[in-house]
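Asks: Each chain is listed here by its residues.
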Amino acid sequence: MTRTAAPPDLLPGTLDLLILRTLQTEPMHGWAISERIEQISRDVLQINQGSLYPALHRLEHQDWIEAEWKTSELGRRAKYYHLTPSGRRQLAREADEWTRLATAIGRVMKLA
Amino acid sequence: MTLRDLYLRLRAIVRPQPVERELDEELAFHIDREAARIAAAGGDPADAQRLARRRFGSVALVADQCRDERRVAFVDTTVRDVKYAFREFRRAPLTAFTITSTIALGLGIVAVVFMFYSAMFLRADEVPEPDRLFEVRRPPEPGAGAWVAFTRPDYEALRSQTTVFTDSVAMITGVAARVEGRAFNGTLVTTNFFETIGATPMLGRALGRGDDERPGSEPVIVLSHRGWTQFFGSDPNVVGRSVDLNGHPYQVVGVMSAGFRGLGITPPDFWTPLGRLSQLRQLSSGKEDSYAIDIVGRLKTDVSVEAATAALSTWAVANPALKEVGGHPKSIRLVARRGSLPISALDGLLGFAPIFVAFGLILLIGCANVANLLLARGLARQREIGIRLSLGASRRLIIRQLLTESLLLASVSAAGGLLVARLTLDAAVRVASAVMPPELSELISLAALAADWRVFVFLAGGAVFATVLFGLAPAIQSTRVELIRTMRGEITRDARPGRARDALVAVQVSASALLLIAAAVFLRGMMSASAVQPGLRTHDTVFLEMTNEQRRAALLQAVEGDSSVAAVGASWPFGIGGTLAEANRVPVEFKFASPEYFDVFGITVLRGRLFTKAERQPSAGVVIVSETAARRIWPDRDALGQTMTLDPFERKGVERLGHDVVTPELTSRSLTVVGVVRDARVGHGMFEMVDAGVYVPIDASSAGASLVLRVNGDPDEARRGLIERLSPVDPAMGRITTVRTLAGLAGNVLALASSVAVALGVLALGLTVSGLYSVLSYVVARRTREIGVRMALGATKARVARLVLSQSFGPVGVGIGAGAALAALLAAALLSTSASAEIDGMVRVFDPLAYLGSAAAIVAACAIAAAVPAVRAARIDPMTTLKQE
Chain A
1 MTRTAAPPDL LPGTLDLLIL RTLQTEPMHG WAISERIEQI SRDVLQINQG
51 SLYPALHRLE HQDWIEAEWK TSELGRRAKY YHLTPSGRRQ LAREADEWTR
101 LATAIGRVMK LA
Chain B
1 MTLRDLYLRL RAIVRPQPVE RELDEELAFH IDREAARIAA AGGDPADAQR
51 LARRRFGSVA LVADQCRDER RVAFVDTTVR DVKYAFREFR RAPLTAFTIT
101 STIALGLGIV AVVFMFYSAM FLRADEVPEP DRLFEVRRPP EPGAGAWVAF
151 TRPDYEALRS QTTVFTDSVA MITGVAARVE GRAFNGTLVT TNFFETIGAT
201 PMLGRALGRG DDERPGSEPV IVLSHRGWTQ FFGSDPNVVG RSVDLNGHPY
251 QVVGVMSAGF RGLGITPPDF WTPLGRLSQL RQLSSGKEDS YAIDIVGRLK
301 TDVSVEAATA ALSTWAVANP ALKEVGGHPK SIRLVARRGS LPISALDGLL
351 GFAPIFVAFG LILLIGCANV ANLLLARGLA RQREIGIRLS LGASRRLIIR
401 QLLTESLLLA SVSAAGGLLV ARLTLDAAVR VASAVMPPEL SELISLAALA
451 ADWRVFVFLA GGAVFATVLF GLAPAIQSTR VELIRTMRGE ITRDARPGRA
501 RDALVAVQVS ASALLLIAAA VFLRGMMSAS AVQPGLRTHD TVFLEMTNEQ
551 RRAALLQAVE GDSSVAAVGA SWPFGIGGTL AEANRVPVEF KFASPEYFDV
601 FGITVLRGRL FTKAERQPSA GVVIVSETAA RRIWPDRDAL GQTMTLDPFE
651 RKGVERLGHD VVTPELTSRS LTVVGVVRDA RVGHGMFEMV DAGVYVPIDA
701 SSAGASLVLR VNGDPDEARR GLIERLSPVD PAMGRITTVR TLAGLAGNVL
751 ALASSVAVAL GVLALGLTVS GLYSVLSYVV ARRTREIGVR MALGATKARV
801 ARLVLSQSFG PVGVGIGAGA ALAALLAAAL LSTSASAEID GMVRVFDPLA
851 YLGSAAAIVA ACAIAAAVPA VRAARIDPMT TLKQE
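Read top to bottom, the protein sequences are chains A and B.
No gaps in the numbering here: position 36 of the first sequence is 36 in the numbering used here, and each next residue is one more.
No gaps in the numbering here: position 144 of the second sequence is 144 in the numbering used here, and each next residue is one more.
If you are wondering where the hints come from, they were derived from the structure by calculation, not from laboratory data.
Think of the CB as a built atom: it goes at the ideal place given N, C-alpha and C, for glycine as much as any other residue.
Warning: the hint list may mix true and false statements.
If you want the ones that stay clear, here's a sample from chain A, every Cβ over 12 Å from chain B, calculated [what the hints assert, rightly or not]:
#, residue
1, Thr14
2, Leu17
3, Glu26
4, Arg42
5, Val44
6, Ala95
7, Ile105
8, Gly106
9, Arg107
Partial list, derived from the structure: chain A residues whose beta carbon lies under 7 Å from chain B [stated by the list, open to error]:
#, residue
10, Trp31
11, Gln49
12, Pro54
13, His57
14, Arg58
15, Lys79
Taking the hints into account, I'd like the entire structure generated from these sequences.
Replies: See the structure below:
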């Protein structure tokens, strides 16, 4: 049961990849994840902030990320997500897949 | 599904509140954090919250999408369905009640039959691997009825010479004994019995090695759960108590659990070692080894039944101690002995089928009522369902909703069914104990059957089947509605509920007719059975068995001196009927009888004379024959004065072990017929009993002879008094039975069958009548406007009443016809079986009076049921009805 909660300009499944990639370095809460994605993509990928959460919950159910309640920078409790071992493997797989797709599209664009 | 997923889902189901709170907190944090960012970037703090919310989108929608990710929606829906169903029940409580109580009633009484079936064919004793327990049997020679019995030495030989069993036991069941003056039913077993079978005691200990042969030490008994509850009031301190058993002190050492019934259907009251046989049965010394026993073994796990049968047959052929009977080869058969009958459950079902069908008809009639009710309500439901469909509910959703409703009704019905079964059984036991003659109720201590898991499964399955079939099917039909027309209030008429209603009523009537005809046939059979004049005096006579030769003289003196005894005769064997013999090579039953015997029983002499006072020994050389026996032995001449050679069957090599151990000797085998008496027969049909055809003289003082007494006043009272007064003379006194009870056995069975049939018939008719009544009432209620118009246009009250009544003519007529045809068909089928002669002797299956009477009863009942709505229709006031529009 894969849902595409991402905006139409994002390829299906891309949001999952972005979340996993963002969490690779350190545990983060939801807002920080959306902020980081926007910053790194230099505001090109303006994802709907709300749509991030169903994706997070889905990834949690798939055992790719795990949540933990920690005190945040605001001084109150926030739900921090971090990658699980199986999440890391999934990230590697999806990243590979993405690179292959990107290369293929790049080639097509060059040739066409 | 990962483990983590399972955990998260479970947590969401089991503890929904914290999960919801966390979700709210997480989303709220995001918005506050975003607002903080906007404020930090120099935005208006008052505006920051609003902007943050706008960037986030709908919180409610996001929360909902997050919940969807949990995929536990089915729980919510189920809870919602259940709530909805309960709302539905509250809205129409009478319907819900009618459905559940009708199905509970029908199912409950079918469950009673199932409990008997289960006890006889499914239930095994609660011991390890009951399916490996087998009884060793010797098939009978052709023509002889009983199995060839084994004896104790046979058992010892089998145990030491064969290796197919891990161990084997010997037992004697049905040993009557008096414990503290009350009649107990005991089983004697070898001391390895409990260990081999694997039964462990609930209290105290079971029998063990060493309990058998310890002369001088106190003998021991182990009580069954039944014996413990019935005779010792479930006393927890019974272990260690000393009880008086046939005049000897026995120590109670243990109580077995209720789940162990000693490899039979009903448990004995106690077990005691086989070594005590001579104390319980008055045996001439040395006869212990010729007493018949059952041999049961636990088959080794690596030995198949076929291999074991072959090995044991080889052993039997090679064993010279096993006597050959009638030149028949000595073969062995293994019969399952697990606590239920050694008949496969399927074969048992065939035998039980008629009873299941008879009781199932009640369930069928009840279900027809339910279906009728739901058909009527279906119209109302149709509009509701139409509205829900048009509001966007999927058909799947609605069917699931209806299924939930049905299953809820089913579970309530199943619980009610269990209650009905329990109450029915308790009532049946109480009635049976009250109706049964005291001799039987002393012997057969009835205990209500316990409900085990099989009964629960049966009830649950039956309830689901009934509610789904009769509740859900019409409901699913009602989801096939045309939306637009339903919304407009038009009901689609494709289902033709009127025709379905008629068919249901016809089915009910035919089922009732079938049951009522059966009841009437049994009732008539019972009446004619009680009208038959018995050929021997039954109303004031009593049989008294003597088992203790040492006390014979004292007992005889006490009986003769008893004030309630008017006359004393003697006979052997005990009871009505004789023992097989050949008289001039013609097989007959013969009996030893004292000269007084004929007077006590009122057996009249036709030709010749009775025995004289002096002729009270077989050596007198005289014999009396019955008229039938006389005709059979000497078909072409008068029996009087003829000489006969009498050969009891025992002399022909047929083993008759374990019957009557002390047998009077037939000292003279050449006898002269001095008299011909009238046949002494009682009962009829399957239960007819004929006293002997040949009588040889005997005296009451002869070893083995039983007494026959004519008593003053009521025989049951006399019997009670005799037991009381004779017990001190001989504590191990044998059976005392009124002849009325023995002779009444046929009547008892018929009375039982007819009372059950009448109860079923009345129940069926009651359900049918209530169904017919509600159908007609419903029809009248729905057609009130039409009837009002008819009356306004000039229809008379009589015409209107006739209109309503005529609605019931068709289905009732068809039902009676079909029921009678079915009954006749069944009767014809019964008569074509091998049992036809016996059935015909007891009841007349084509009794026209039974058929006509049943039809009349149904017509009368249905007329009353239809009259009420008909009168209501005739009372409709056209003005009021039309004004309501």
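Asks: Of the hints stated earlier, which fail here?
Replies: none
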